[in-house]
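A.B. asks: Chain residues, written in single-letter form:
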Amino acid sequence: MKKFVVCLLLAVLSGCASYSQSFQKVELLLSQQKPELALQELEKNPSTGNNELLYLLDKAMLQRMSGLYKASNTSFEQAKVLMDKLEATSMVEQLGALTINDSTMSYEGEDYEQIAVHIYAALNYIELGLWDEARVEALQIDERLKRLKEKRDGKAIEDPFARYLTGFIFEQGGEYSDAMIAYRDSYQIYQRYKQPIPLFLQQDLLRLSKYLDLKQEYKTYIKQFAIKAVSSVRQLQQQGEIVLLIHQSLAPIKRSQELLVYSDTGVPLRISMPVYQSRPNYIRNARLVVGESSVTTVVVDSFDKLARLSLKTHRTAIVARLIARALIKKQAAHQAEDKGGALAGLLVDVAGMVTETADTRSWLTLPKNIHFARLPVSAGTHHIILELIGAAGHVIQTVDFGDVTLKQSEKVVLEKSFIAPYSQ
Amino acid sequence: MHKVMKLSLVGCLLFGLAGCAGKTTVTRVDTDSVQDLSGNWNDTDSRLVSSRLVNDMLSRKWLTKYQVKHGKNPVVIVGQVRNLSHEHINIRTFIADMERELINSGEVEFVASKVERNEIRDERADQTDNASMDTRHVSGEETGADFMLKGQINTIFDAAAGTQVKYYQIDLTLISLKDNRKVWLGQKKIKKLLEKSRYR
Chain A
8 MKKFVVCLLL AVLSGCASYS QSFQKVELLL SQQKPELALQ ELEKNPSTGN NELLYLLDKA
68 MLQRMSGLYK ASNTSFEQAK VLMDKLEATS MVEQLGALTI NDSTMSYEGE DYEQIAVHIY
128 AALNYIELGL WDEARVEALQ IDERLKRLKE KRDGKAIEDP FARYLTGFIF EQGGEYSDAM
188 IAYRDSYQIY QRYKQPIPLF LQQDLLRLSK YLDLKQEYKT YIKQFAIKAV SSVRQLQQQG
248 EIVLLIHQSL APIKRSQELL VYSDTGVPLR ISMPVYQSRP NYIRNARLVV GESSVTTVVV
308 DSFDKLARLS LKTHRTAIVA RLIARALIKK QAAHQAEDKG GALAGLLVDV AGMVTETADT
368 RSWLTLPKNI HFARLPVSAG THHIILELIG AAGHVIQTVD FGDVTLKQSE KVVLEKSFIA
428 PYSQ
Chain B
2 MHKVMKLSLV GCLLFGLAGC AGKTTVTRVD TDSVQDLSGN WNDTDSRLVS SRLVNDMLSR
62 KWLTKYQVKH GKNPVVIVGQ VRNLSHEHIN IRTFIADMER ELINSGEVEF VASKVERNEI
122 RDERADQTDN ASMDTRHVSG EETGADFMLK GQINTIFDAA AGTQVKYYQI DLTLISLKDN
182 RKVWLGQKKI KKLLEKSRYR
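Chains A and B, in that order, give the protein sequences.
The first sequence: position 384 = 391 (this note's numbering), numbered continuously.
The second sequence: position 168 = 169 (this note's numbering), numbered continuously.
Simulated from the structure, these hints should not be mistaken for laboratory data.
Cβ atoms here follow ideal geometry from the backbone N, Cα and C, with glycine treated the same way.
Be aware that a few hints might be false.
To be clear about the criterion: a stretch of chain B counts as covered by chain A if any three or more of its residues have a C-beta under 8 angstroms from a C-beta of chain A, and this derived list gives those stretches [unchecked claim]:
#: 1; stretch: 83 to 96
#: 2; stretch: 159 to 169
#: 3; stretch: 193 to 201
Calculated cross-link-like contacts (lysine-lysine; reagent style DSSO-like; alpha-carbon spacing at most 30 angstroms) [unchecked claim]:
#: 4; chain 1: B; residue 1: K197; chain 2: A; residue 2: K92
#: 5; chain 1: B; residue 1: K189; chain 2: A; residue 2: K153
#: 6; chain 1: B; residue 1: K183; chain 2: B; residue 2: K73
#: 7; chain 1: A; residue 1: K162; chain 2: B; residue 2: K197
#: 8; chain 1: B; residue 1: K24; chain 2: A; residue 2: K92
#: 9; chain 1: B; residue 1: K192; chain 2: A; residue 2: K92
#: 10; chain 1: B; residue 1: K115; chain 2: A; residue 2: K77
#: 11; chain 1: A; residue 1: K156; chain 2: B; residue 2: K193
#: 12; chain 1: B; residue 1: K192; chain 2: A; residue 2: K87
#: 13; chain 1: A; residue 1: K87; chain 2: B; residue 2: K190
#: 14; chain 1: A; residue 1: K92; chain 2: A; residue 2: K261
#: 15; chain 1: A; residue 1: K77; chain 2: A; residue 2: K153
#: 16; chain 1: A; residue 1: K77; chain 2: B; residue 2: K151
#: 17; chain 1: A; residue 1: K92; chain 2: B; residue 2: K167
#: 18; chain 1: A; residue 1: K156; chain 2: A; residue 2: K201
#: 19; chain 1: B; residue 1: K193; chain 2: A; residue 2: K158
#: 20; chain 1: B; residue 1: K62; chain 2: B; residue 2: K73
#: 21; chain 1: B; residue 1: K167; chain 2: A; residue 2: K162
#: 22; chain 1: B; residue 1: K167; chain 2: A; residue 2: K153
#: 23; chain 1: A; residue 1: K92; chain 2: B; residue 2: K190
#: 24; chain 1: B; residue 1: K179; chain 2: A; residue 2: K414
#: 25; chain 1: A; residue 1: K87; chain 2: B; residue 2: K197
#: 26; chain 1: B; residue 1: K193; chain 2: A; residue 2: K87
#: 27; chain 1: B; residue 1: K192; chain 2: A; residue 2: K156
#: 28; chain 1: A; residue 1: K418; chain 2: B; residue 2: K151
#: 29; chain 1: A; residue 1: K261; chain 2: A; residue 2: K87
#: 30; chain 1: A; residue 1: K92; chain 2: B; residue 2: K193
#: 31; chain 1: B; residue 1: K115; chain 2: A; residue 2: K414
Using the sequences provided together with the hints, build the complete structure.
C.D. replies: As structure tokens, then:
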């Protein structure tokens with residue numbers, strides 16, 4: 008009997024400890040702005056079992072932070088194949104989840120994480136100048152969302168920025184009606200999640216509804232948004248545009264919270280719920296300065312908010328599963344006590360409690376949020392400076408992007424990651 | 002045995018099994034054989050589409066008309082083939098398949114693509130400086146293409162409850178460089194039905 012319990016404990020404990028421990032080092036190196044070393048650190052412990060997807064996602068993210076966009080997309084492609092495979096239910100893992108804990112299931116990614124794979128793969132292709140390939144990712148975002156919605160009975164967590172990026176890619180390719188549909192979707196999701204509509208999306212909606220002669224829609228937007236003038240599609244085509252994305256801090260980390268709940272029959276049960284802990288901000292926002300003109304960034308995507316929303320949506324289901332499992336474990340302890348005496352009962356009860364840990368896995372290298380700005384500039388060479396603004400509203404750091412040369416209707420996409428100093 | 006012990010045993014077995022690594026086996030297969038693994042665009046699709054479309058292109062009237070009028074084979078160049086599908090398709094192998102079919106037909110002449118041309122021009126410039134007079138090739142004697150072959154790959158995907166339909170449509174257009182006339186339009190469609198297991 009004892010052997011089984013020990014075996015069970017070892018098996019469960021060995022899996023989870025290594026992942027979070029190795030991530031502390033990764034996070035420390037990231038906060039020191041050393042993504043290459045963080046990547047080396049991660050690659051020391053490649054996960055193959057239940058955490059394989061997390062490993063691939065973290066690897067892809069660290070690769071893109073290190074400027075290895077092509078390698079990053081190879082990792083993302085591997086992650087996509089795995090996500091597709093994990094869509095099917097494993098009976099063996101379900102049994103493990105019902106009797107041991109949720110970490111015995113393969114990590115298949117939250118809805119917003121699955122979509123983020125395509126967002127970052129698309130951004131990688133844009134960095135490589137492969138807009139048609141980025142367009143493939145845009146179509147895959149749509150495809151993945153359809154599947155997620157079907158799986159969750161229409162309740163999938165949607166990422167408004169994923170739709171926005173899709174629209175941006177279509178617009179770059181001159182596919183204005185497709186772009187309009189994507190911008191409109193994005194607008195509706197921001198509204199549904201009660202998030203502010205980013206200024207740039209407002210401008211895009213106005214510009215395209217006017218261009219596509221959607222008179223009624225244009226009027227509605229004019230009324231809703233307090234924007235006086237917006238450049239036309241033609242004006243934008245005659246200019247270049249600088250697009251800035253700042254990936255700030257890191258996604259929230261899941262911690263385990265012990266709760267005492269009562270079953271329907273009044274049995275007291277101890278369960279471990281995952282709760283999110285946000286990471287510190289590095290900047291409040293930033294200012295993109297190009298010669299005389301400048302623009303302030305706005306938050307277009309908050310993985311912090313999406314993660315919390317996702318947990319809130321699934322909370323009822325998680326609690327139900329945790330209670331069912333706690334009851335099974337309780338039952339097992341009673342039976343052990345009946346047949347093997349008090350010690351056997353105690354051992355099984357302890358085993359049940361020790362193995363009862365919350366599933367605290369999540370994609371930790373995702374940023375906390377994405378700050379975004381678009382600035383149309385004339386064709387030619389421009390000196391680009393980025394000013395990071397801290398919590399107090401002062402410039403805390405200046406980044407010099409140097410001279411950037413743009414052609415007419417060319418878009419230059421600049422990306423930066425800033426991760427706050429490490430704190431435990 | 003106690004129920005608990007059974008459960009623990011199942012637990013141990015699960016973890017034990019997870020650790021086992023399978024042995025890799027390699028079997029060589031004929032490159033013409035059809036192997037559909039994921040249902041994505043693969044080498045069979047690339048080969049099938051290129052050969053069908055090229056055969057269609059070479060059997061149409063534009064070719065005989067040109068040959069009769071000019072007394073020579075037309076010179077063709079492959080332009081951009083855009084991937085507008087839901088998948089990252091390796092367009093290069095598709096283009097290479099088409100080029101091979103076209104050149105081997107003997108009905109059309111083929112000139113190097115833009116990237117290849119630049120490399121060859123560099124080499125020719127190098128010859129001017131370094132090669133002996135009788136082996137040297139001079140610039141300005143390239144063959145200009147008469148037609149450009151362009152195309153795109155589009156897809157429509159649909160899925161419900163484990164069943165997925167993948168529809169590919171490949172459109173190719175042959176355009177006259179002299180006057181922008183489209184002399185031939187080719188289209189090939191592929192439809193695949195995928196059944197996915199809901200359990201693993």
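A.B. asks: If a hint holds in the structure, say so; if it doesn't, say that too.
C.D. replies: Hint-by-hint comparison with the structure:
no.: 1; hint: 83 to 96; result: holds (count 7)
no.: 2; hint: 159 to 169; result: holds (count 3)
no.: 3; hint: 193 to 201; result: holds (count 5)
no.: 4; hint: B:K197 / A:K92; result: 10 angstroms, holds
no.: 5; hint: B:K189 / A:K153; result: 27 angstroms, holds
no.: 6; hint: B:K183 / B:K73; result: 20 angstroms, holds
no.: 7; hint: A:K162 / B:K197; result: 22 angstroms, holds
no.: 8; hint: B:K24 / A:K92; result: 20 angstroms, holds
no.: 9; hint: B:K192 / A:K92; result: 22 angstroms, holds
no.: 10; hint: B:K115 / A:K77; result: 24 angstroms, holds
no.: 11; hint: A:K156 / B:K193; result: 23 angstroms, holds
no.: 12; hint: B:K192 / A:K87; result: 22 angstroms, holds
no.: 13; hint: A:K87 / B:K190; result: 26 angstroms, holds
no.: 14; hint: A:K92 / A:K261; result: 25 angstroms, holds
no.: 15; hint: A:K77 / A:K153; result: 27 angstroms, holds
no.: 16; hint: A:K77 / B:K151; result: 27 angstroms, holds
no.: 17; hint: A:K92 / B:K167; result: 18 angstroms, holds
no.: 18; hint: A:K156 / A:K201; result: 20 angstroms, holds
no.: 19; hint: B:K193 / A:K158; result: 22 angstroms, holds
no.: 20; hint: B:K62 / B:K73; result: 15 angstroms, holds
no.: 21; hint: B:K167 / A:K162; result: 25 angstroms, holds
no.: 22; hint: B:K167 / A:K153; result: 15 angstroms, holds
no.: 23; hint: A:K92 / B:K190; result: 27 angstroms, holds
no.: 24; hint: B:K179 / A:K414; result: 29 angstroms, holds
no.: 25; hint: A:K87 / B:K197; result: 16 angstroms, holds
no.: 26; hint: B:K193 / A:K87; result: 20 angstroms, holds
no.: 27; hint: B:K192 / A:K156; result: 24 angstroms, holds
no.: 28; hint: A:K418 / B:K151; result: 25 angstroms, holds
no.: 29; hint: A:K261 / A:K87; result: 23 angstroms, holds
no.: 30; hint: A:K92 / B:K193; result: 19 angstroms, holds
no.: 31; hint: B:K115 / A:K414; result: 21 angstroms, holds
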